[in-house]
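A.B. asks: Chain residues, written in single-letter form:
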Amino acid sequence: MSDKPIYMDNAATTRLDPEVFAAMEPFFNKHFGNAASKYYQEGRTAHQAMESARGQLAGLLGADDEKEITITSCATESNNWVINSLLLNGTKKHVITSAIEHHAILEPIEFLEKHHGIKATILPVDERGMVSPQLLKDSITDETALVSIMHANNEIGTVLPIRELADIAHEKGVLFHTDACQTVGKIPVKVNELGADFLSLSAHKFHGPKGTGALYIRKGTRLEPFIRGGGQERGRRAGTSNIPSIVGMGKAAELAGKRIESEAPRERELVEKLWQGLNAKMPKIRRNGDPEKRIPNLLNICVAGVEGEAVLGYLDMYGIMVSSGSACTSGSLDPSHVLLAIGLPAEVAHGSIRFSMSHETEASDVERIIEIMPDVVERLRQMSPTWNG
Amino acid sequence: MDLYSDIVMDHFKNPRNVGAVEKPDGVGEVGNPTCGDMMTITIKVKDEHLSEIKFKTLGCGAAIATSSMMTELAQGKSIEEGMSLTRDMVAEALGGLPPEKMHCSNLAADGLHAAIKDYQEKLGK
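As given, the protein sequences belong to chains R and Y, one line each in that order.
Residue numbers for the first sequence follow this note's numbering, beginning at 1 and rising by one.
Residue numbers for the second sequence follow this note's numbering, beginning at 1001 and rising by one.
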């Protein structure tokens, strides 16, 4: 069996697709124009390339109008923009979100709570990572400016019922935002089916370049600019347009759209094969997230008797790249807030391992992990004072 | 992992003295599962010297490496020398640890002290 590196951390980032790279290349130094310079050809070339990419992205999302897509530097910016603009500029000062959101939602909200008198309701989730629609309904007040619930969770892969939640917000006249970083390019994400007013995405999660993302803003929805300056993006987001990356994001969106139909079932099958294989060879492991409503490419497990970072370190020796929600890897003393929110005790969460696949993942990669990981875990368990296997 | 020094990686990948000594003279248990690191140190004492030390550790790479390094540093040392072995000495011998690991994953010296105290208590000292 080959010893080629196995990258299975595609929820963190993905490889830039070679076709995307090829599309970007001319826009670094051949077509270098500023898209805002309309009076000569280089500027117009840049502008056309940017608008064509916007069209590709709008196509993937099924947006009614390309103007609903605003380019940003990443989903973190998109998230911060929506939260800050709605809560700082409006008269309503209450925001509702969930306990399993990305830090790019929770941190800006916490900051506004601390320093700007904003009130926040953090909805709990059940053991699968689901938000209760009824609880959302009960949490909305006259003061609520925004509900922000992620489309799919980045650690456990649960897909939340965005349509239902957005409808509840809209019934009470409240705007709805969703962070769709983990779903765009993985499952069909159609803004009109989801019903969200705002949707954040990041190009590098679907084989586009890092440092480029977008915010979908439904037509007729007002959102004060977050970054002011030269009037780019129709005055909504200033800063010279990053043409190579925008072109790359457009191309990546086009490719993802073509792939979804065949890839989603293929990856779902690989994830199942990985889980079955590991579960057959390793006692005392559990699977996290919703068994049905989940993105097709992600498997999150907890392995009793080991700590996640140690498993990562041992797998790295075999060129296997995965991630963990243990305290050591979260950069704090606590394990992942997502794993705690679904009710896992800290000592269980410390043993979490996340595998996330892409169209590049092959069946042989899965087989190799099934072959190596049980031995690695057994070695670490033999070192553990809590393991009596 | 650039996170760790070469010495840490060596002790993490090839930990020395894993396990439990037979009929230990002292046992030290430190850490707790909630914070992610747990350690059990077992020692044999001969002529007031640490003749055998073994560890079992649940934890990250740093926790395993500090355990392993501690057993090497303390091997053959007197009880007094064992009690004066500090966390910083273990970290230094490993070529340093990332700052966030100095506190939570550097428990091995504490584990040794606990094992020695257990030995002394059993002797009725």
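Mixed in with the good hints there might be a few duds.
Partial chain R-side listing against chain Y, Cβ under 7 angstroms, derived [to be verified]:
1) Thr13
2) Tyr40
3) Glu42
4) Pro133
5) Gly343
6) Ala363
7) Glu367
8) Ile370
9) Glu371
10) Pro385
11) Thr386
For the record, the hints were derived by calculation from the structure and aren't laboratory data.
C-beta: ideal position from N, C-alpha, C; glycine also.
A.B. asks: Restraint: R/Glu367 near chain Y, CB-CB cut 7 angstroms. Satisfied or not?
C.D. replies: Status violated, d = 24 angstroms.
A.B. asks: Given a cut of 7 angstroms on the nearest C-beta pair, is the interface hint for R/Thr386 held or broken against chain Y?
C.D. replies: holds, 5 angstroms
A.B. asks: Take the shortest C-beta to C-beta distance between R/Thr13 and chain Y; is it under 7 angstroms?
C.D. replies: Interface hint status for R/Thr13: violated (18 angstroms vs cutoff 7 angstroms).
A.B. asks: Would the stated hint for R/Ile370 survive a check requiring a Cβ distance to chain Y of less than 7 angstroms?
C.D. replies: violated, 22 angstroms
A.B. asks: Quick check on R/Tyr40 please, does its C-beta sit within 7 angstroms of some C-beta on chain Y?
C.D. replies: violated, 46 angstroms
A.B. asks: Verify the interface restraint on R/Ala363: the C-beta must sit less than 7 angstroms from at least one C-beta of chain Y.
C.D. replies: violated, 28 angstroms
A.B. asks: With a cut-off of 7 angstroms on the beta carbons, see whether R/Gly343 makes it to chain Y.
C.D. replies: violated, 15 angstroms
A.B. asks: Holds or violated: the hint that R/Glu371 contacts chain Y, with Cβ atoms closer than 7 angstroms.
C.D. replies: violated, 19 angstroms
A.B. asks: Hold the hint about R/Pro133 up to the distance rule: shortest CB distance to chain Y must be less than 7 angstroms.
C.D. replies: Violated - the Cβ of R/Pro133 stays beyond 7 angstroms from chain Y, reaching only about 33 angstroms at its closest.
A.B. asks: The hint names R/Pro385 as touching chain Y; please verify it with the least Cβ-Cβ distance against 7 angstroms.
C.D. replies: holds, 4 angstroms
A.B. asks: Does the interface hint hold: is R/Glu42 within less than 7 angstroms of chain Y, judged Cβ to Cβ?
C.D. replies: R/Glu42 check fails; min Cβ-Cβ to chain Y is 41 angstroms, beyond 7 angstroms.
Checked against the numbered hints listed earlier, the structure breaks hints 1, 2, 3, 4, 5, 6, 7, 8, 9; every other hint is satisfied.
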